[in-house]
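Q: Listed below are the residues making up each chain.
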Amino acid sequence: MNNFTSAKDVKNVEELVKEAIVFKNNPLSFSHLGKNKTIGLLFLNPSLRTRLSSQKAAQLLGMNVMVMNMDKEGWALEWNDGAVMDGNKTEHIKDAAMVLSSYFDMIGIRCFPSLTDREADYSEHVISQLIRYSTVPVISLESATLHPLQSLADCITIFERRRNKNPKIVLTWAPHVKTLPQAVSNSFAQWMQALGMNLTITHPEGYGLAPQFTSGAVIEHSQQKALQDADFVYVKNWSAYEPYGQTPAVKENWLLDEKKMQVTNNGLIMHCLPVRRNVELPDELLDGPRSLIHLQAENRLYSAAIVMKKMLEAKPL
Amino acid sequence: MNNFTSAKDVKNVEELVKEAIVFKNNPLSFSHLGKNKTIGLLFLNPSLRTRLSSQKAAQLLGMNVMVMNMDKEGWALEWNDGAVMDGNKTEHIKDAAMVLSSYFDMIGIRCFPSLTDREADYSEHVISQLIRYSTVPVISLESATLHPLQSLADCITIFERRRNKNPKIVLTWAPHVKTLPQAVSNSFAQWMQALGMNLTITHPEGYGLAPQFTSGAVIEHSQQKALQDADFVYVKNWSAYEPYGQTPAVKENWLLDEKKMQVTNNGLIMHCLPVRRNVELPDELLDGPRSLIHLQAENRLYSAAIVMKKMLEAKPL
Amino acid sequence: MNNFTSAKDVKNVEELVKEAIVFKNNPLSFSHLGKNKTIGLLFLNPSLRTRLSSQKAAQLLGMNVMVMNMDKEGWALEWNDGAVMDGNKTEHIKDAAMVLSSYFDMIGIRCFPSLTDREADYSEHVISQLIRYSTVPVISLESATLHPLQSLADCITIFERRRNKNPKIVLTWAPHVKTLPQAVSNSFAQWMQALGMNLTITHPEGYGLAPQFTSGAVIEHSQQKALQDADFVYVKNWSAYEPYGQTPAVKENWLLDEKKMQVTNNGLIMHCLPVRRNVELPDELLDGPRSLIHLQAENRLYSAAIVMKKMLEAKPL
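Protein chains in written order, with the numbering used here: chain U, 1126 to 1442; chain F, 1126 to 1442; chain W, 1126 to 1442.
Next up, chain U with everything else stripped away, as it sits in the complex (with noise of 0.2 Å):
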């Protein structure tokens, strides 16, 4: 049985987002898939969204539920081979992951990047190791550098709201206070391509995304020309892949408005949750008709229970 990490473990996305939604038109059709099943969930990072609608999923499926705090409840790990551990760390990540495989069918994990160690991060080094070390599958709540279940949502969420087939699709920098990751927009751009979605990435100068996940899509630096004819505008922060984790100083205004989405065509509005109000987007916008916010952290639902039915059905995904 496969792992899910990235849009490049799914056989065939279209196929999954559909399936996907006939699980949401039926929640309660799958609930006997995970008797007698155990999901763990571990987390390295805060999380809302993802802890909740992946306990939810689980329980949909009628599995049971742990969830740990790795950091907070148990013990901080090492994750390099060979390490002579004779620091702060007090657990390989080898034996963790082997104990969790005896009492877990299946696990998830959610873990930040470093935004310091450009070559650790892209190389996922510490959702691989966990994937190395365990003998069940392993779900991606959010790695270093893809958000797969977020993407997957998001896809819901276009294939629920699109009004044509082919719609043009517009992944926009927006402004924050904090240095972000890159797993979100990254994730997403590797989605709307498995999809064959016609996308358009616009940011900043010094904002460029890691090529192996942008590199089908229109670059665009006007953000304004990138907005025209958009049915969505997909919206977040995040710092610089080069140099890495930095985040360059942005002269222009980067903050969309009801204004500048007049050039769209009746653009909807998508962002991940959490969002800065009035800083990444302001109220008017995530307020209004045109936000699917909600309906996307509604979709999370969905995306997780239905990656965790195939697991449980040892299907490939």
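Don't take every hint at face value.
[What the hints assert, rightly or not] No farther apart than 20 Å at their CA atoms in a straight line, the calculated lysine-lysine pairs in the PhoX-like style are these:
no.: 1; chain 1: U; residue 1: K1440; chain 2: U; residue 2: K1136
no.: 2; chain 1: F; residue 1: K1303; chain 2: W; residue 2: K1214
no.: 3; chain 1: W; residue 1: K1197; chain 2: F; residue 2: K1303
no.: 4; chain 1: U; residue 1: K1143; chain 2: U; residue 2: K1434
no.: 5; chain 1: F; residue 1: K1435; chain 2: F; residue 2: K1143
no.: 6; chain 1: U; residue 1: K1149; chain 2: F; residue 2: K1160
no.: 7; chain 1: W; residue 1: K1160; chain 2: F; residue 2: K1160
no.: 8; chain 1: F; residue 1: K1350; chain 2: F; residue 2: K1384
no.: 9; chain 1: U; residue 1: K1160; chain 2: W; residue 2: K1143
no.: 10; chain 1: F; residue 1: K1197; chain 2: U; residue 2: K1303
no.: 11; chain 1: F; residue 1: K1160; chain 2: W; residue 2: K1162
no.: 12; chain 1: W; residue 1: K1149; chain 2: F; residue 2: K1197
no.: 13; chain 1: U; residue 1: K1350; chain 2: U; residue 2: K1303
no.: 14; chain 1: W; residue 1: K1162; chain 2: F; residue 2: K1149
no.: 15; chain 1: W; residue 1: K1160; chain 2: U; residue 2: K1160
no.: 16; chain 1: F; residue 1: K1303; chain 2: U; residue 2: K1303
no.: 17; chain 1: F; residue 1: K1160; chain 2: F; residue 2: K1350
no.: 18; chain 1: W; residue 1: K1160; chain 2: F; residue 2: K1162
no.: 19; chain 1: U; residue 1: K1162; chain 2: W; residue 2: K1440
no.: 20; chain 1: U; residue 1: K1197; chain 2: W; residue 2: K1197
no.: 21; chain 1: F; residue 1: K1162; chain 2: U; residue 2: K1160
no.: 22; chain 1: W; residue 1: K1303; chain 2: U; residue 2: K1214
no.: 23; chain 1: F; residue 1: K1434; chain 2: U; residue 2: K1197
no.: 24; chain 1: U; residue 1: K1149; chain 2: F; residue 2: K1136
no.: 25; chain 1: W; residue 1: K1149; chain 2: U; residue 2: K1162
no.: 26; chain 1: F; residue 1: K1384; chain 2: F; residue 2: K1162
no.: 27; chain 1: W; residue 1: K1133; chain 2: W; residue 2: K1440
no.: 28; chain 1: W; residue 1: K1434; chain 2: W; residue 2: K1133
no.: 29; chain 1: F; residue 1: K1162; chain 2: F; residue 2: K1350
no.: 30; chain 1: W; residue 1: K1160; chain 2: F; residue 2: K1149
no.: 31; chain 1: W; residue 1: K1303; chain 2: U; residue 2: K1160
no.: 32; chain 1: U; residue 1: K1160; chain 2: F; residue 2: K1160
no.: 33; chain 1: F; residue 1: K1434; chain 2: F; residue 2: K1133
no.: 34; chain 1: W; residue 1: K1143; chain 2: W; residue 2: K1440
no.: 35; chain 1: U; residue 1: K1162; chain 2: F; residue 2: K1160
Think of the hints as simulated: they come from the structure by calculation, not from any bench.
Add chains F and W to chain U, keeping to what the hints say.
A: Frame of chain U, contents of chains F and W only:
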């Protein structure tokens, strides 16, 4: 369906207390009601009884339960509408409430007052904002100024142990080493009056409670006079309502003891716990035959359960 | 019904080990026993295996489980009777235990020693106070001086992997960078002797364990002599019993390696985890065919499950 934040949300308090006692006598008779329903319990503050009794009550009803320590496991919340979120608050209650409403069938929340901003606390800004943006029923697990599940448990306890229809009930201030909220005291006064009980409140100068909750009670500044012929003595510390959140020095000795209790009508001692032993109440009273403290704590199960049961049945409280 | 804190609480250790192995072979056969029963798991310290294996064991028995991180989610507890609680302790164990007893059918607790006050630690002050005031059975999830669920899992592991009825078992001290409790070592020695096993303990000068737990074992100060013909080698660091909690310097090299293991009878390596790799034990042993560490961790499920099962059946251990 309504929310549960105060005695005012209850049509007939006496009926609800009696129904809770019926539930207590048949705690496993309603476990089908919560099938495929989920309650989310959100904690912004520490909790033992509330946390565990709410979980257990939900399980008695067959519900799934998810517990979320918002501050420690999730994101710091912004509670003010229109805020420019450029500080340390990561998610707005508006978004969190909508997301939680799509995952949960009902939401419980515990939040403490600031004790610095009386207007915000007494407007119940926090729980009101959650209610405003939530689309499912909200249960107060203690708010800034009230603690209705505790009060309902106290009512159950009094109904179980009263020796006459109209007992004399005394709420007395007690010493403490910290600055405490007024919620338990306000709430007890509110529920006693909703039941038409004979309530006397006694406290040192400067510790008057909010008049909107106590106006129907007898206020007696002499603790010893207040205790005369009391059937139930509810012991609780609180900080001043005016000037708000202050703890003016108290010269007299307000610590109850067995000797002081001699003037009561074989009075029973109540406290909501946690209790600072030998500061708020002496061991001799807490461990003696007058003490109802453990019965009160046990009844927290049934106050929570009856409220959840009504919500599951979509019946008015 | 009795509590589970030590091998002394068990009538016949060999019988219990065999029953645990029967359970392991039929893990889903007893899921009716815990219907409508609830276990509360209280953690005063971090935990991975204990936390997760106890939850999973309870779920195998069909019980509801509530986990409480007492220090982080609840109130700081006062453990001393008669205390005037005017410091930073908010709730007395006397009250907490009574409340928990009204919510739970059994209680598990993990607590670590002070390592500064030997008398308090070796009187098991903390767990004894919980037991004293609880009205439901208490399971030690590791106490100040013993770790009985770990030891029972170790017994299961030895029964599963022994090649003769009376294997030579060696408990050897190992280096570490922190000051560790004596609980695992004391407990292993106690259970081995309860089984009548042939136990040799080896440690540097100054690291003698508490005589009440080790008096029946052979003490051998030369690690290499101790290892001669060993079938099982249990590796563990501990701090000194006298002077208590100290970690006197050790000149010799106590780190095991494959070469040292050559004198054993094809000896198998045991460790309770978490293990500091390449400090307590080298990768070559932990990852090699001698290692039983993951089997021991898996068997934590069945040591916990068999104890809970007996309690649910109200049978003596």
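Q: For each hint, tell me whether it holds in the structure or not.
A: Hint check:
1. K1440/U - K1136/U: The given pair, whose Cα atoms are some 11 Å apart, holds under the 20 Å limit.
2. K1303/F - K1214/W: With Cα atoms ~11 Å apart, K1303/F and K1214/W stay inside 20 Å; holds.
3. K1197/W - K1303/F: The given pair, whose Cα atoms are some 19 Å apart, holds under the 20 Å limit.
4. K1143/U - K1434/U: Answer holds: K1143/U to K1434/U is near 14 Å, not above 20 Å.
5. K1435/F - K1143/F: Distance ~13 Å between K1435/F and K1143/F Cα, so the pair holds.
6. K1149/U - K1160/F: holds, 18 Å
7. K1160/W - K1160/F: holds, 15 Å
8. K1350/F - K1384/F: The given pair, whose Cα atoms are some 14 Å apart, holds under the 20 Å limit.
9. K1160/U - K1143/W: Since the Cα atoms of K1160/U and K1143/W sit roughly 27 Å apart, the hinted pair is violated (cutoff 20 Å).
10. K1197/F - K1303/U: holds, 19 Å
11. K1160/F - K1162/W: Since the Cα atoms of K1160/F and K1162/W sit roughly 17 Å apart, the hinted pair holds (cutoff 20 Å).
12. K1149/W - K1197/F: Since the Cα atoms of K1149/W and K1197/F sit roughly 37 Å apart, the hinted pair is violated (cutoff 20 Å).
13. K1350/U - K1303/U: Measuring from Cα to Cα gives roughly 27 Å; hence the hint is violated.
14. K1162/W - K1149/F: holds, 16 Å
15. K1160/W - K1160/U: holds, 15 Å
16. K1303/F - K1303/U: The given pair, whose Cα atoms are some 36 Å apart, is violated under the 20 Å limit.
17. K1160/F - K1350/F: violated, 52 Å
18. K1160/W - K1162/F: Within the cut-off at roughly 19 Å; holds.
19. K1162/U - K1440/W: violated, 28 Å
20. K1197/U - K1197/W: Since the Cα atoms of K1197/U and K1197/W sit roughly 9 Å apart, the hinted pair holds (cutoff 20 Å).
21. K1162/F - K1160/U: Roughly 17 Å between the alpha carbons, so the hint for K1162/F and K1160/U holds.
22. K1303/W - K1214/U: holds, 11 Å
23. K1434/F - K1197/U: violated, 34 Å
24. K1149/U - K1136/F: With Cα atoms ~37 Å apart, K1149/U and K1136/F exceed 20 Å; violated.
25. K1149/W - K1162/U: holds, 16 Å
26. K1384/F - K1162/F: With a Cα-Cα distance of about 51 Å, the restraint between K1384/F and K1162/F is violated, given a limit of 20 Å.
27. K1133/W - K1440/W: holds, 16 Å
28. K1434/W - K1133/W: Roughly 18 Å separates the two Cα atoms, so the pair holds.
29. K1162/F - K1350/F: violated, 50 Å
30. K1160/W - K1149/F: Distance ~18 Å between K1160/W and K1149/F Cα, so the pair holds.
31. K1303/W - K1160/U: Cα-Cα ~42 Å, so violated.
32. K1160/U - K1160/F: holds, 15 Å
33. K1434/F - K1133/F: holds, 18 Å
34. K1143/W - K1440/W: Answer holds: K1143/W to K1440/W is near 16 Å, not above 20 Å.
35. K1162/U - K1160/F: holds, 19 Å
In the structure shown, a violation is registered for the earlier hints numbered 9, 12, 13, 16, 17, 19, 23, 24, 26, 29 and 31, in ascending order.
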